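**Student:** Read top to bottom, the protein sequences are chains A and B.
With the numbering used here as the guide, the letters of the first sequence map in order to residues 8 to 402.
With the numbering used here as the guide, the letters of the second sequence map in order to residues 11 to 319.
To be clear, the hints were calculated from the coordinates, so they are not data collected in a lab.
Everything numeric in this text was worked out from a predicted model, so none of it was measured.
C-beta: ideal position from N, C-alpha, C; glycine also.
Any given hint could turn out to be false.
Label pairs and their calculated CB-CB ranges [to be verified]:
| hint | chain 1 | residue 1 | chain 2 | residue 2 | range |
| --- | --- | --- | --- | --- | --- |
| 1 | A | 181 | B | 304 | 33 to 41 Å |
| 2 | B | 12 | A | 181 | 22 to 30 Å |
| 3 | B | 83 | A | 315 | 25 to 33 Å |
| 4 | B | 121 | A | 314 | 52 to 60 Å |
| 5 | A | 362 | B | 285 | 45 to 53 Å |
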Amino acid sequence: MARKTFVLALLVALAFAAALFAGCAPAAPKAPYDGVIKIGNVAPMTGDIPAVGEHGRYGVELAMEDIGYEVKVGEHTYKIEILLEDNEAKAESSAAVGTKLIAEDEVLAIIGAYASKQAIPLGEVADREKTPTISPWSTNPRTTMDRPYVFRACFLDPFQATVGAKYVKENWPEITKVAVLYDVASDYPKGLAEYFKASAEEVGLEIVAFETFTTKDRDFSSQLTKIMESGAELFYTPQYYDEVPLIVAQAKELGWDKPIFGSDSWAGGDLASLCGDDCVGLRFTTHYAMVGATGKTKAFIDAYRAKYGSEPSDVGALAYDAAQMLIKAIENTGGLTGDLAEDRDNIKREMARIKDWPGTTGEMSFTPEGDPIKCAVVVEYNEDHLIEFVAWACP
Amino acid sequence: MTLTGFFRYFVSALQWGSFYALIAIGYTMVYGVLMLFNFAHGDIFMAGSYIGLFVAGALLAISAGGLIPMAPWLILILTIVGTMLGTSIVGMLVERIAYRPLRNAPRASAAVTGLMIGLLMETGNLRLLGAERRKFPSLIETTVYKVGGVSITNTKIMIVGVSLALMYILHLLVRRTKWGMAMRAMAYDFPVVPLMGVSIDSIASATFVLGSSMAAIAGIFFCTAYPVLEPYMGILIGWKAFIAAIVGGRGSIVGAMFGGYLLGFIEIFVPAILPSTFRDLIAYTIILIILTFRPHGFFGEPYSAHMRL
Chain A
8 MARKTFVLAL LVALAFAAAL FAGCAPAAPK APYDGVIKIG NVAPMTGDIP AVGEHGRYGV
68 ELAMEDIGYE VKVGEHTYKI EILLEDNEAK AESSAAVGTK LIAEDEVLAI IGAYASKQAI
128 PLGEVADREK TPTISPWSTN PRTTMDRPYV FRACFLDPFQ ATVGAKYVKE NWPEITKVAV
188 LYDVASDYPK GLAEYFKASA EEVGLEIVAF ETFTTKDRDF SSQLTKIMES GAELFYTPQY
248 YDEVPLIVAQ AKELGWDKPI FGSDSWAGGD LASLCGDDCV GLRFTTHYAM VGATGKTKAF
308 IDAYRAKYGS EPSDVGALAY DAAQMLIKAI ENTGGLTGDL AEDRDNIKRE MARIKDWPGT
368 TGEMSFTPEG DPIKCAVVVE YNEDHLIEFV AWACP
Chain B
11 MTLTGFFRYF VSALQWGSFY ALIAIGYTMV YGVLMLFNFA HGDIFMAGSY IGLFVAGALL
71 AISAGGLIPM APWLILILTI VGTMLGTSIV GMLVERIAYR PLRNAPRASA AVTGLMIGLL
131 METGNLRLLG AERRKFPSLI ETTVYKVGGV SITNTKIMIV GVSLALMYIL HLLVRRTKWG
191 MAMRAMAYDF PVVPLMGVSI DSIASATFVL GSSMAAIAGI FFCTAYPVLE PYMGILIGWK
251 AFIAAIVGGR GSIVGAMFGG YLLGFIEIFV PAILPSTFRD LIAYTIILII LTFRPHGFFG
311 EPYSAHMRL
């Protein structure tokens, strides 16, 4: 009898407990923002560089799919909604869609913009409105400078030239004389050339020719002849993918058979079809390498290829990293309060605290300026016209 | 500068000057005959390059597909002929659409129309084919010859040789044929030409055909030497060739040739001796000084300048 009573009591207790739990669920505090985290993605979907926009969109999409468009922050699980906005590759549109995302859509954070021209104005708006923003691809120092709310996933221009010069010194120890050929009328190559010169001299290389041309020039024979006459054993040319094939072909025709070294702008477009066999064996520094990738990078490349049927560019990889880092920072806040300003502030704080985070483009930690500390990759344009990993170039 | 160095620069300058000369001829002929600066000429050059790209691509595909196997030199010649034809049509259309309706309008209006047609062609191309760079196929295998430390390629020899030959043929055409005589007559005394029973319209078209053909050749050669094409490739080289035409003397084919090579040599040798950053600054200061002392250029005929202005 006693036993029967006990069982009954137990059942009643269980029923009570069940009722209690069932009753409790709807009564628990509701997740802020109706359980949806909104994140903006400001990309150049139309305009001069639509390929960049598309790769950026794919990178962010893939990053979200990896986590199932869901993230657990504190005790609640949130759905993630990505709001894609087109800035038409224009500076003013970038600021305008940024304002719209921040004020009307009330996003928690923004990914973008991509090219520096659009990332600088977006960064200005975002910092003023105190909304954490991470640019995957902008390498200009001004994007994040004095803007605590603005971050980036890639390294800066000067950095690449610095590690590039160091790599030249270490990889070709017999080389002492180096030349530089660059476009004096374009910001990016000019900056890189100057940083390379300074760093090369610092590591003990002699700059024997520092030759320039201007944008749209197609003939470099005069400068190249001068470089050859100077006795240089290598030349550095931080130019774009449409100029590199011309420079390389003309150098070879003039009888140059020594190394030519470059920067990530080499990979900005279709180097393979423009340069063909001429560029085989040449090396440059960049953000990540497709061939020879391992671990997380390889997994990303395989997933990207499977989903979109094309090879991921550095933009895609950096957008992927930027998006995942942002989610990580949101997770690290330990819970959202529902107060937009406070949550944005917390996310910014957690972004700045990210340390040794493993991305597809290398391990990164943030400096207080919002720039990552990470390594560059030295790659080689191989015989199959693919860009192959050679070495890490770390500061 | 060593002697080897000098010859290295010399070879480059010859090739570079050939492009300016070929394009400058188009400017100078139209100016001589129609008293008009055809500012769309740089873009006719661009159109020629793209037409060459498609003709070459089609021929290579036909040849590779085994339909009609062709030797590389035959493909090159057919590409040149096809591109000259295609570009001539473009040139004629430009004349028909942009200049013929304005034949009696102030010259400034016609010049502005030329600029607008140029913009139209650039942006039209951008719309049609996109901003992506295209690669010109290499029609002949490049061989590098070493002559005492100086590298010369077979393409360079071809470019300079064929350009000079063509310019000479053109010169003969204008000096020795009836059509050439009619062109010169128009340059000399415009109102009298129709009275002699010569159709102004057909002479104008013929002028554009010749000028555009030279631009087509320049386009193919340019793309052989610098095989990356983009819609705005004709602007800068067009401007500079225009300067070459003026320096050589408006309306003179020999002058355009001379001006083209002069410009080529200045542009290559200035950075060879001085820092390359100052190239255009110094090169065009020299041109400015030349024009100050020879306002009609080297071979210009002074009377042609105030005939119909």
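**Student:** A separate judgement is required for each hint: does it hold in the structure or not?
**Tutor:** So, going through the hints one by one against the coordinates:
At about 53 Å, the CB distance of residue 181 of chain A to residue 304 of chain B disagrees with the hint of 33 to 41 Å. Hint check: residue 12 of chain B to residue 181 of chain A, Cβ distance near 25 Å, so the stated range 22 to 30 Å holds. Range check, residue 83 of chain B to residue 315 of chain A: about 43 Å between beta-carbon atoms, so the 25 to 33 Å window is missed. Separated by about 54 Å at the C-beta atoms, residue 121 of chain B and residue 314 of chain A satisfy the suggested range of 52 to 60 Å.
At roughly 46 Å, the beta carbons of residue 362 of chain A and residue 285 of chain B sit within the given window of 45 to 53 Å.
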